[in-house]
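> Take the sequence shown: its position 92, counted from the start at 1, is 92 in the UniProt record's numbering, and no numbers get skipped.
What the hints contain is simulated information worked out from the structure, not anything from laboratory work. A few of these clues could be false.
Calculated pairs, SDA-like style, for lysine to any residue (alpha carbon to alpha carbon, straight line, at most 25 angstroms) [what the hints assert, rightly or not]: (1) K199 with R110; (2) K234 with L282; (3) K175 with R105; (4) K185 with F268; (5) K226 with F283; (6) K185 with R224; (7) K175 with P247; (8) K217 with Y300; (9) K257 with E189; (10) K206 with N281; (11) K217 with F108; (12) K217 with D266; (13) K185 with Q299; (14) K217 with R233; (15) K257 with S183; (16) K175 with A36; (17) K206 with P249; (18) K234 with E189; (19) K175 with T239; (20) K225 with D202; (21) K199 with D251; (22) K185 with L282; (23) K225 with P249; (24) K206 with E106; (25) K185 with F283; (26) K225 with D264; (27) K226 with F265; (28) K257 with R233; (29) K175 with N281; (30) K226 with S296; (31) K225 with M273.
All values derive from a computational prediction rather than experimental measurement.
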Amino acid sequence: MEAALIFIKHVSQHYLSWSDVTFGLLLGVFVVCGLALLGLLAFASWKLCWVPWRNKAPFSSSAPLVTMATEKVKDPIGSVGFLEAAVKISHTSPDIPADVQLSMREHFLRRTQRMQRQTTEPASSTRSAIYNLDLGNDYVVDKDEKPTSIGRIQPELYQQKTQESEDSSKNGSAKNCGRINFSLKYDYENEALLVNILKAVDLPAKDLCGSSDPYVKVYLLPDRKKFQTRVHRKTLNPTFSESFQFPVPYDELAVRKLHMSVFDFDRFSRHDMIGEVVVENLFEMSDLSRETAIWSDIQYATTVRVSCF
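Model the full assembly from the supplied sequences, consistent with the hints where possible.
Written out as structure tokens, the structure is:
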């Protein structure tokens with residue numbers, strides 16, 4: 001019986017000690033969790049409050065800097081007094097010569113006036129205003145400096161280009177563009193002028209291969225009606241042999257002009273004009289009662305002259 005009591009007592013003591021250990025462990029876990037939660041709350045409050053306030057601090061402090069700088073510029077007299085106080089440190093120190101003090105005072109006045117002029121100029125932002133104030137003597141605009149001609153129109157250049165274009169047109173008119181052979185005859189029965197385009201020789205090459213694809217357009221000005229020959233491929237001496245009929249009274253032939261334009265055919269771009277021939281007096285060779293063959297030099301031209309119309 002006594003042994004049983006001793007065993008029960010031992011078991012109860014062991015149980016009590018184990019329960020104390022378990023309670024201590026639980027208490028430690030709760031303390032650690034509480035500290036972790038407290039640290040998490042402190043970190044969240046720091047991220048939400050301290051970081052935005054720190055980012056806003058430089059912007060809020062920039063305005064007082066500009067204000068202080070402008071206020072210092074607006075009060076040159078006080079600045080001069082401050083300069084004098086800085087020059088003469090104390091009554092016991094040796095006095096600086098008067099001429100040195102005067103020159104330093106004038107220099108500071110000029111600087112403050114320059115800074116005033118810079119602050120009165122319109123600024124696009126606070127940064128540009130601070131930049132203008134900090135220039136000081138490092139940047140001085142030369143009043144005698146002449147403005148550059150960038151962006152200015154210079155009429156003499158246009159006149160020079162006009163003269164060059166005129167000279168090139170004169171030289172172009174003297175270029176050899178070949179000759180054309182045609183004949184004229186008037187049909188009294190039908191009251192029409194018969195124009196026969198016979199051939200052309202020595203035409204200039206317009207293609208890279210050294211040839212041309214020529215054809216001729218024929219006008220009887222001032223009428224806008226025109227006729228056109230067939231295109232002859234890869235030749236500088238085409239033979240056209242094509243006739244065209246222009247209805248016109250015989251009495252009006254004296255005021256009519258025959259205009260022939262020679263072109264180079266281009267399949268993929270605008271046709272190049274080789275030259276032109278203008279017959280202003282149709283009765284220059286004969287009275288047109290019989291067919292008259294005429295050879296004429298082809299004059300250099302790049303476009304059909306509108307004035308002829």
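> It remains to establish, for every hint, whether it holds in the given structure.
Quick rundown of the hints versus the structure:
{"no.": "1", "hint": "K199 with R110", "result": "88 angstroms, violated"}
{"no.": "2", "hint": "K234 with L282", "result": "32 angstroms, violated"}
{"no.": "3", "hint": "K175 with R105", "result": "79 angstroms, violated"}
{"no.": "4", "hint": "K185 with F268", "result": "37 angstroms, violated"}
{"no.": "5", "hint": "K226 with F283", "result": "21 angstroms, holds"}
{"no.": "6", "hint": "K185 with R224", "result": "21 angstroms, holds"}
{"no.": "7", "hint": "K175 with P247", "result": "34 angstroms, violated"}
{"no.": "8", "hint": "K217 with Y300", "result": "15 angstroms, holds"}
{"no.": "9", "hint": "K257 with E189", "result": "21 angstroms, holds"}
{"no.": "10", "hint": "K206 with N281", "result": "31 angstroms, violated"}
{"no.": "11", "hint": "K217 with F108", "result": "84 angstroms, violated"}
{"no.": "12", "hint": "K217 with D266", "result": "15 angstroms, holds"}
{"no.": "13", "hint": "K185 with Q299", "result": "23 angstroms, holds"}
{"no.": "14", "hint": "K217 with R233", "result": "16 angstroms, holds"}
{"no.": "15", "hint": "K257 with S183", "result": "14 angstroms, holds"}
{"no.": "16", "hint": "K175 with A36", "result": "99 angstroms, violated"}
{"no.": "17", "hint": "K206 with P249", "result": "39 angstroms, violated"}
{"no.": "18", "hint": "K234 with E189", "result": "39 angstroms, violated"}
{"no.": "19", "hint": "K175 with T239", "result": "22 angstroms, holds"}
{"no.": "20", "hint": "K225 with D202", "result": "28 angstroms, violated"}
{"no.": "21", "hint": "K199 with D251", "result": "29 angstroms, violated"}
{"no.": "22", "hint": "K185 with L282", "result": "10 angstroms, holds"}
{"no.": "23", "hint": "K225 with P249", "result": "16 angstroms, holds"}
{"no.": "24", "hint": "K206 with E106", "result": "78 angstroms, violated"}
{"no.": "25", "hint": "K185 with F283", "result": "10 angstroms, holds"}
{"no.": "26", "hint": "K225 with D264", "result": "21 angstroms, holds"}
{"no.": "27", "hint": "K226 with F265", "result": "17 angstroms, holds"}
{"no.": "28", "hint": "K257 with R233", "result": "29 angstroms, violated"}
{"no.": "29", "hint": "K175 with N281", "result": "24 angstroms, holds"}
{"no.": "30", "hint": "K226 with S296", "result": "20 angstroms, holds"}
{"no.": "31", "hint": "K225 with M273", "result": "19 angstroms, holds"}
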